[in-house]
Amino acid sequence: MDIFSQPDVQQAVLTGFAWILKLTGASGVLALVLGVLLAGMRVSPVPVLRGIGTTWVNTFRNTPLTLVVFFCYFGLYTTLSVELSSDLDLNVFWLGVLGLSAYTAAFVCEAIRSGINTVPPGQAEAARAIGLTFGQTLRLVILPQAGRAVVAPLGSILIALTKNATIVGTIGLAESANAMKQLINDNGNVVIPIFLVFAGIFVALLVPTGYLFNWLGNRLAVRR
Amino acid sequence: MSATSTMLYDHPGPRARIRNRLLTVGFSLLTAALLWYVYVQFDEKGQWAPALWKPFLKSATWIDFILPGLWGTISAAAVAMVLALAFGVIFSVGRLSAHAAVSVPAGVVVEFCRAVPLLLMIFFLSYGVPFITGAPFPAFWAVVIGLTLYNGSVLAEAFRAGIRAVPAGQSEAGYALGLRKSQVMTHILVPQAARSMLPVIVSQLVVLLKDTALGYIIAYPELLQQGVNVLSANYGNVMQAAIVVAAIYIAINSVLTWFAGWLDRRTTRTGRTTVRIAPVQDLGTAAA
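Same order as they appear, the protein sequences are chains R and P. So that you can map any letter, position 64 of the first sequence is 64 in full-length UniProt numbering, and since no number is skipped, the others follow by simple counting. So that you can map any letter, position 275 of the second sequence is 275 in full-length UniProt numbering, and since no number is skipped, the others follow by simple counting.
To be clear, the hints were calculated from the coordinates, so they are not data collected in a lab. Quantities reported herein were computed from a predicted structural model and do not represent experimental measurements. Yeah, the Cβ is synthetic: ideal placement off N, Cα and C, and Gly gets one too.
Pairwise CB distance ranges, derived in the manner of DEER restraints:
#1 R/Ala174 / P/Leu198: 40 to 46 Å
#2 P/Ala86 / R/Val207: 22 to 28 Å
#3 R/Asp186 / P/Trp48: 42 to 48 Å
#4 P/Ala135 / R/Leu196: 21 to 27 Å
#5 R/Val207 / P/Thr133: 28 to 34 Å
#6 P/Ala233 / R/Ala18: 29 to 35 Å
#7 P/Val25 / R/Ala18: 45 to 51 Å
#8 P/Ala135 / R/Asn187: 18 to 24 Å
#9 R/Leu80 / P/Val25: 25 to 31 Å
#10 R/Leu37 / P/Ala78: 36 to 42 Å
#11 R/Arg219 / P/Ala135: 50 to 56 Å
Using the sequences and the accompanying hints, generate a full structural model.
Structure (structure tokens):
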């Protein structure tokens, strides 16, 4: 474990996990917003919107994230020269956020949609009966109840997103998986402690998150 | 699916019909504009050049690159799926064991494998293990073992939920007949849980198949590696190759997803199952 007392090693680990947290935070917010919008589209009365939502979900849910991230880098950046930041690292970071959010939004959308279906139909009928429009029904009656029903699934999606953030390392960000690979290559004599430290940090971050969201989900669930 | 999502709006009256039509036209134009923008961008960079797309019409492209890649993907997925099923059964039963000496370690292994990113495990196997053994670790097995540990632990949790969802009367009846604990598990609980687990297993197969793409990162010759990396090195058509490969993944996974849904509807309809469990959410590289 000596190597983890070296300042440059500590720096590499910290930087790696800082990237993971930043990727998770930025993509989490974007994916939540986009996912709720997509779910709204998928239950809307306008067929075109439903079609767009369905296409989005089917495309991203069935494509490997590695390919999505790959496409963001080699497709958007290298081929179409879409540049999101002049700083090299930040550019890769935002391209990664773009891929992660587009991918995760598909799962958020499906979770919200299944949440909508846990709300008793009477709620929607009552909302219509007092003259609320589709937007009002969704915003004021259905989504608040659906949201409380899907706290735990959204927690699983957040955990998955945190782990998926390592894939952005593929396109050259020095996040945790890349940092670990580098450390392993430099310190061949202590590969098991290195793996256990990196894996342990993930376990320490994600296992409590899972319990927290399950607890929150139980607390917030609408009793019926 | 219950009906709430179909109860959200009234049957459209004259005004709603006009509004819906306006929205339809508006969003159709918006989508068309977006597609046109993409088309123009591609055009500006010369991405529609026939030389970049032609390779996909040649049989050599498919025989030399895409089909071997597809074989790499499917063989890794198939082996990993079989191993993950075994892992899932063993660890779900282990976690349900009445002996803490069995259930606690099983729980720790499952929680650990679910919380560690797959990429970290694959990196450890393919870059770390050679330092210990002194021999290179085959990329195929790095992918397969990583996938097995991760998907196996997800399946273990799903199986555990399935076994616990079998009505208590079933195991009580078994004990009343004088069966031992292991007999109740193997003869009564697992067979009933397994039937209801079938759709979950197939949806996990989609996750597993997608995750084989991580093999690309450690140069395992699967579909992404062969189709996008190697192929485009020959023809300089990264974008085109990525689009074709994405289409192949989407086609295979859509069929599997449809199959999982069909199995689910079928087991529900025949009423031969006593257990209903919510499908594990398909979370791509990670369901936790």
